[in-house]
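Using the sequences provided together with the hints, build the complete structure.
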Amino acid sequence: MEFNAADLKLNQRGSRTDECLNVLKQLWTGERVSFSGKHFRMSDAMINPGPVQQPNPPIWVSGRRDAAMARAAQYGDGWMPYFYDPPRYSDSVHKINAYAAAAGRDMTNFQWTHFPYISIYPTEQQAAEVAAEQLGGRYLYNGDFLDIVRKYCLLGPVENCIEQLQKYIDAGARHIIFSISCPREDRARHIEIIAKELIPHFQSS
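Residue 8 is where the sequence shown starts when you use the working numbering, and the numbers rise one by one after that.
These aren't lab readings, by the way, just hints derived from the structure by calculation.
One or more hints might be untrue.
[Unchecked claim] Using C-beta positions, here's what the derived DEER-type ranges look like:
hint, residue 1, residue 2, range
1, 194, 26, 32 to 40 Å
2, 202, 16, 15 to 23 Å
3, 92, 18, 44 to 52 Å
4, 15, 105, 27 to 35 Å
5, 132, 202, 20 to 28 Å
6, 151, 192, 22 to 30 Å
7, 173, 84, 19 to 27 Å
8, 52, 177, 28 to 36 Å
9, 51, 101, 37 to 45 Å
[Unchecked claim] No more than 30 Å apart at the CA atoms, straight line, and that leaves these computed lysine-lysine pairs for DSS-like:
hint, residue 1, residue 2
10, 102, 32
11, 102, 16
12, 158, 102
13, 174, 203
14, 158, 174
15, 174, 102
16, 32, 16
17, 45, 32
18, 203, 158
19, 16, 45
20, 45, 102
We treat Cβ as the ideally placed atom computed from N, Cα and C, and that holds for glycine.
Set out below in structure tokens:
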């Protein structure tokens with residue numbers, strides 16, 4: 008939608024993002040930058056004031072395809088995919104590390120993050136139905152979203168969600184950012200369960 012509004016081609020989003028990150032990381036050094044690329048051009052440009060974080064604000068790359076993984080290895084300080092199951096998350100960790108190794112990059116401080124949708128209800132079926140209704144509308148999906156949420160989301164009573172989340176941790180995730188998938192009136196309950204039951208389980212394990 009935003010690409011149509013700006014009269015840009017959707018298939019350029021990857022190359023545009025790569026150029027943006029390339030230019031930003033140069034500008035964040037505080038030096039003047041001249042750049043001529045496929046999408047952006049500038050001469051003797053600089054940013055003032057510069058970033059507080061040094062050498063630059065952390066860049067967490069998201070996405071689902073190999074091009075996004077290569078981008079994370081080249082420009083990113085973290086990786087945060089979405090709609091990944093645990094095996095695919097594990098595969099992405101291996102691929103990003105391989106891209107980084109080929110470039111001679113040290114990944115010691117790289118942040119491995121996951122962005123799971125979570126729906127906590129007494130049964131997995133109820134949780135899946137609620138999540139499918141919430142996410143199907145968000146992603147303008149006209150088909151049955153149940154199979155998608157069953158594959159990628161944390162669903163059911165909190166014990167199920169803990170078990171499902173553990174699989175992502177075993178796959179390599181070290182930072183978790185939950186996206187709660189429920190009606191507005193049920194969000195406070197979700198936040199309380201996550202804070203009082205789910206997070207403490209992993210803090211004590």
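Quick rundown of the hints versus the structure:
The hint said 32 to 40 Å for the Cβ distance between residue 194 and residue 26, and at roughly 38 Å that hint holds. Look at residue 202 against residue 16: about 43 Å separates their beta carbons, and that is not inside 15 to 23 Å. Against the hinted window of 44 to 52 Å, the Cβ-Cβ separation of residue 92 and residue 18 comes to about 26 Å, which falls outside the hint. Distance hint check for residue 15 and residue 105: the Cβ-Cβ separation is about 31 Å, which falls inside the suggested range of 27 to 35 Å.
The hint said 20 to 28 Å for the Cβ distance between residue 132 and residue 202, and at roughly 25 Å that hint holds. Our hint of 22 to 30 Å for residue 151 and residue 192 holds, since their Cβ atoms are close to 25 Å apart. Restraint check, residue 173 to residue 84: a C-beta distance of roughly 25 Å satisfies the suggested window 19 to 27 Å. Between residue 52 and residue 177 the Cβ separation comes to about 45 Å, which falls outside the hinted range of 28 to 36 Å.
A hinted range of 37 to 45 Å holds for the C-beta pair residue 51 and residue 101, which are about 42 Å apart. Using a Cα cut-off of 30 Å, the hinted pair residue 102 and residue 32 holds, with the two alpha carbons roughly 23 Å apart. Taken as a hint, the residue 102 and residue 16 pair is honoured in the structure, with Cα atoms around 28 Å apart against an allowance of 30 Å. Between residue 158 and residue 102, the direct Cα distance comes to roughly 21 Å. Compliance with the 30 Å bound is thereby established for this hinted pair.
With a C-alpha separation of about 20 Å, the suggested pairing of residue 174 with residue 203 holds against the 30 Å cut-off. Using a Cα cut-off of 30 Å, the hinted pair residue 158 and residue 174 holds, with the two alpha carbons roughly 13 Å apart. Between the alpha carbons of residue 174 and residue 102 the distance comes to roughly 18 Å, so the proposed pair stays at or under 30 Å and holds. A threshold of 30 Å between alpha carbons decides the hint, and for residue 32 with residue 16 the separation of about 24 Å falls inside it, so the pair holds.
About 17 Å separates the Cα atoms of residue 45 and residue 32, which keeps this hinted pair within 30 Å; it holds. For the proposed pair residue 203 and residue 158, the alpha carbon gap of about 26 Å is at most 30 Å, so the pair holds. The suggested pairing of residue 16 with residue 45 holds, with an alpha-carbon distance near 13 Å, which does not exceed 30 Å. Among the hinted pairs, residue 45 with residue 102 is consistent with the structure: their alpha-carbon atoms are about 27 Å apart, no more than 30 Å.
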